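According to my numbering, the stretch in the sequence shown is residues 88 to 149, in order.
Derived from the structure by calculation, the hints contain no laboratory data.
Treat the numbers as computed from the prediction; the structure is a model and nothing was measured.
Certain hints may be false.
Unchecked claim - Computed beta-carbon distance windows for the label pairs: (1) W148 - S102: 43 to 51 Å; (2) V99 - E137: 58 to 66 Å; (3) R149 - P108: 53 to 61 Å; (4) H125 - K89: 26 to 34 Å; (5) K90 - H128: 57 to 65 Å.
We treat Cβ as the ideally placed atom computed from N, Cα and C, and that holds for glycine.
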Amino acid sequence: MKKILFVLAACVLSSAALAQPVPRHGPGYDRPHAAPHHRKHKVWVPAHREHGRRVPGHYVWR
88 MKKILFVLAA CVLSSAALAQ PVPRHGPGYD RPHAAPHHRK HKVWVPAHRE HGRRVPGHYV
148 WR
């Protein structure tokens with residue numbers, strides 16, 4: 088009888104451990120919408136103003 092209870096308790100504990108979400112490692116993973124990109128690529132930035140000065144359009148790595 089004790090063996091059956093022990094086995095049942097072990098099954099309950101293992102199923103409870105498997106039901107937990109898997110922790111993700113690294114910065115940015117606490118917010119799923121902000122997961123880091125694996126590769127940077129060049130993006131066209133149109134002309135704009137920075138600190139009151141006009142900046143022409145250019146490419147940046149993002």
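Right, here's what the structure says about each hint:
1. W148 - S102: 43 to 51 Å: Once the Cβ atoms are compared, 46 Å apart, the range 43 to 51 Å for S102 and W148 holds.
2. V99 - E137: 58 to 66 Å: For V99 and E137 the Cβ distance comes to about 60 Å; the hint holds.
3. R149 - P108: 53 to 61 Å: At 30 Å between Cβs, range violated.
4. H125 - K89: 26 to 34 Å: Violated: the Cβ-Cβ distance is about 52 Å, outside 26 to 34 Å.
5. K90 - H128: 57 to 65 Å: Holds - the Cβ-Cβ distance for K90 and H128, about 60 Å, lies within 57 to 65 Å.
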